[in-house]
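Peer 1: For the record, the sequence lines run as chains A and B.
Taken in order, the first sequence gives residues 1 to 362; the numbers are from our numbering.
Taken in order, the second sequence gives residues 1 to 362; the numbers are from our numbering.
Since the hints were made in silico from the structure, they are not lab data.
Misleading hints may appear alongside valid ones.
[What the hints assert, rightly or not] Below, in silico cross-link-like pairs of lysine-lysine (DSS-like), each with a Cα-Cα straight-line distance of 25 Å or less: (1) Lys-288(A) <-> Lys-233(B); (2) Lys-151(A) <-> Lys-233(A); (3) Lys-288(A) <-> Lys-152(B); (4) Lys-152(A) <-> Lys-185(A); (5) Lys-105(B) <-> Lys-88(B); (6) Lys-105(A) <-> Lys-88(A); (7) Lys-143(A) <-> Lys-233(A); (8) Lys-233(A) <-> Lys-288(B); (9) Lys-152(A) <-> Lys-288(B); (10) Lys-233(B) <-> Lys-185(B); (11) Lys-151(B) <-> Lys-185(B).
[Said to hold, decoys possible] What follows is a list of derived Cβ distance ranges for each label pair: (12) Gly-345(A) <-> Lys-88(B): 55 to 65 Å; (13) Ala-150(A) <-> Thr-84(B): 51 to 61 Å; (14) Arg-335(B) <-> Trp-281(A): 30 to 40 Å; (15) Val-312(B) <-> His-7(A): 34 to 44 Å; (16) Arg-284(A) <-> Gly-232(B): 14 to 24 Å; (17) Asp-101(B) <-> Met-50(A): 51 to 61 Å; (18) Glu-146(A) <-> Lys-288(B): 27 to 37 Å; (19) Pro-91(B) <-> Lys-88(A): 52 to 62 Å; (20) Glu-48(B) <-> Arg-284(A): 48 to 58 Å; (21) Pro-91(B) <-> Ile-45(A): 50 to 60 Å; (22) Asp-38(B) <-> Gly-296(A): 41 to 51 Å; (23) Asp-101(B) <-> Pro-216(A): 43 to 53 Å.
Glycine is no exception: its CB is placed at the ideal position from the N, C-alpha and C atoms.
2 protein chains.
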Amino acid sequence: MNINGKHYRTIWTAPNGRGAEIIDQARLPHEIVIAPLDTLEDAAIAIETMQVRGAPCIGATAAYGMFLGIAEDPSDAGLERAQTRLAKTRPTAVNLAWAIDEITKAVAALPEEERAVAALARAEEICDEDVEISRAMGEHGLKLIEAIAAKKSGPVNILTHCNAGWLATVDLGTATAPIYLAHEKGIEIHVWVDETRPRNQGASLTAFELGAHGVPHTIIVDNAGGHLMQHGKVDLCIVGTDRTTRAGDVGNKIGTYLKALAAHDNNVPFYVALPNTTIDWSIRDGVKEIPIEERGSQEVTQMTGRLPGGDVVTVDIAAAGSPAANYAFDVTPARLVTGLITDRGVAEASEEGLLKLFPERR
Amino acid sequence: MNINGKHYRTIWTAPNGRGAEIIDQARLPHEIVIAPLDTLEDAAIAIETMQVRGAPCIGATAAYGMFLGIAEDPSDAGLERAQTRLAKTRPTAVNLAWAIDEITKAVAALPEEERAVAALARAEEICDEDVEISRAMGEHGLKLIEAIAAKKSGPVNILTHCNAGWLATVDLGTATAPIYLAHEKGIEIHVWVDETRPRNQGASLTAFELGAHGVPHTIIVDNAGGHLMQHGKVDLCIVGTDRTTRAGDVGNKIGTYLKALAAHDNNVPFYVALPNTTIDWSIRDGVKEIPIEERGSQEVTQMTGRLPGGDVVTVDIAAAGSPAANYAFDVTPARLVTGLITDRGVAEASEEGLLKLFPERR
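With the rest of the complex left out, here is chain A (with noise of 0.2 Å):
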């Protein structure tokens, strides 16, 4: 999408196609920087230090690590070597296991002087996919949005929770992806965006990318979206999810669960979307069998900002020696979710409703 009125991803090939560059996530939203990433290291840290994030943008991250790894070795040692090092880097991430594989089979083949274009041409294919991935998830959600603003005068209010946007995909996002398709086709929108603690994806990232794309917003504390949807003041929720369950339930950014609970108390349609690859079909219990992620307490106790001279400094807000837990997930059930927006249309959240759309899964 857009930032000052020039198109970027969060990934591409750089200009003199030995290398990739990236927007240096981690700088946002206080400062705007691209990165360059001219080595299997570069790429491997930035993953790890969450220069980059959300699951299709490290796959596409470590499909690029891959390539650089074996233009730098083309051998067989150079390639397992490239596997090992991205593999360790945020070892629950399915997207990264996927991309190296993914580049590994592209190239094993192949004699080693033809592997580094070979790799670079499967992680462009990886990022084109992944936009068509969003684009079809967008396409999907925007006839919802489209049936809201048929029936209502004013902004279709939709209400969203930690960052599912383009800067977590290569373009697009997920959650965002019909929004920005909205957008694009003059449909009149609004976006509530979820502040998210501890991490603030929503303050820091959503928020940004909707405001570089032009498309009107407003940042709420995590704790006022019950309160909106009591007034009539949100339409829709979009979120986003990291694993789905066969049965529907959604796994998802700490919070997304008490959301569901109020879009449900006042009948507003809660969706959630997702690429197909997110779906877990081996397990369908996502309260008793989604693991929570527990995270260091200095997420909940410190907060990173900009001073007025335009530092960025982190601060402790809570008194000193105050313990602090930080549970980085939570489950939505099924029973809760209107719909789950999928790259192959939008279906009921449940069993019956997946495999419908994914009739493989039988």
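Starting from the known structure of chain A, arrange chain B on it as the hints suggest.
Peer 2: Just chain B, lined up with the frame of chain A:
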């Protein structure tokens, strides 16, 4: 309650008897500062700048402010000057008007030379009465905690939102009164403290006061409570309220409604502690009839904390220019409230339930 082993109230008569002293709550949790209130103006500024906050604590400070104003000028004109100055500090605070009125009633008929002494006596009495109200709520709520403790091993896990602690009253608090009494009685408890964005009163004040008194607790982001309840980690919620309707609808800090929804969805008892003065007998439907204050957006987009060196600074946490909205309160419908812990006992959250305890309101 205690800070580092020493007992404090939020406000008390200065040792020289000519003014009051307060804990400067605007400096918490970063610094513990005792501030003198030597003049009417000191008291008014303390309320305006939120050095004191919480309805009962504001009421007590206004009472001392009236005493200080009368000590400066005990004439009827002086009395009126004090009334006018204090009334405009926080116009919506019910206890503020009540306290001004109480002191006025106590001195109006007296000769000028007796007024200051009488005003101080009534201010001290108002403080003592407030502690007794808290203690009564505490005793009634304690029974609920004892009942849970009797049925389980390990600590009773209580979730609370915002600060309805002793810092919001003169001592003991409202929602925290049962917690402190349970702790005093040796019942093992653990408190989940909602951070409570945007003003962070949970992380800054509730966590501070529980920690300073020695009550085990853990700060969580406002997003986390639903997940904890899904996994059986919350036995009981107790929150405060700014205004309760005749029908038991509860206006409280934004986000309370979301926790009540989660409690209801997981069969966790959800109690609201309230001095009977906060019941608004003139309204029934809280969602329709309780006006919700909108505050400045910088409370959402900025955060105050300590730098590693100890300096306290305010930083911008969102992208420059990102719009934000700041709804301060929400309304929890009575249907989601298990009971109202009042100073007269625990009522069912309904008109009938409240009228049983307050038959004079029939």
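Peer 1: Could you run down the list of hints and mark each one as holding or not?
Peer 2: A quick look at each hint next to the structure:
Distance check on the hinted pair: Lys-288(A) and Lys-233(B) sit about 14 Å apart at the alpha-carbon level, within 25 Å; holds. The straight-line distance between the Cα atoms of Lys-151(A) and Lys-233(A) is roughly 15 Å, inside the 25 Å bound, and the hint therefore holds. A C-alpha spacing of about 22 Å is found between Lys-288(A) and Lys-152(B), which places the hinted pair at or below 25 Å, so the restraint holds. Between the alpha carbons of Lys-152(A) and Lys-185(A) the distance comes to roughly 17 Å, so the proposed pair stays at or under 25 Å and holds.
For the proposed pair Lys-105(B) and Lys-88(B), the alpha carbon gap of about 19 Å is at most 25 Å, so the pair holds. Between Lys-105(A) and Lys-88(A), the direct Cα distance comes to roughly 19 Å. Compliance with the 25 Å bound is thereby established for this hinted pair. For the hint linking Lys-143(A) to Lys-233(A), the alpha-carbon distance of about 20 Å falls within 25 Å, and the restraint holds. In summary, the hint linking Lys-233(A) to Lys-288(B) is supported, as the alpha carbons are separated by about 14 Å, within the 25 Å threshold.
Of the pairs offered as hints, the one joining Lys-152(A) and Lys-288(B) holds, with about 22 Å between alpha carbons and a cut-off of 25 Å not exceeded. For the hint pairing Lys-233(B) with Lys-185(B), the CA-to-CA distance comes to about 22 Å; that is within 25 Å, so the pair holds. For the hint pairing Lys-151(B) with Lys-185(B), the CA-to-CA distance comes to about 17 Å; that is within 25 Å, so the pair holds. The supplied range of 55 to 65 Å is met by Gly-345(A) and Lys-88(B), whose beta-carbon atoms lie about 60 Å from each other.
Between Ala-150(A) and Thr-84(B) the CB atoms are about 55 Å apart, so this pair conforms to the stated range of 51 to 61 Å. For the pair Arg-335(B) and Trp-281(A), the beta carbons lie near 38 Å from each other, so the given range of 30 to 40 Å is met. Judged by the Cβ atoms, the range 34 to 44 Å given for Val-312(B) and His-7(A) holds: they are separated by roughly 42 Å. Distance hint check for Arg-284(A) and Gly-232(B): the Cβ-Cβ separation is about 20 Å, which falls inside the suggested range of 14 to 24 Å.
Restraint check, Asp-101(B) to Met-50(A): a C-beta distance of roughly 57 Å satisfies the suggested window 51 to 61 Å. In this structure, Glu-146(A) and Lys-288(B) meet the distance hint of 27 to 37 Å, their C-beta atoms being roughly 32 Å apart. Separation of Pro-91(B) from Lys-88(A) is about 59 Å and conforms to the stated range, judged on CB atoms against 52 to 62 Å. At roughly 56 Å, the beta carbons of Glu-48(B) and Arg-284(A) sit within the given window of 48 to 58 Å.
In this structure the supplied range 50 to 60 Å holds for Pro-91(B) paired with Ile-45(A), their Cβ-Cβ distance being about 55 Å. Here the CB-CB span from Asp-38(B) to Gly-296(A) is close to 45 Å, well matched to the stated 41 to 51 Å. Judged by the Cβ atoms, the range 43 to 53 Å given for Asp-101(B) and Pro-216(A) holds: they are separated by roughly 47 Å.
Going through the hint list in order, the structure satisfies each hint without exception.
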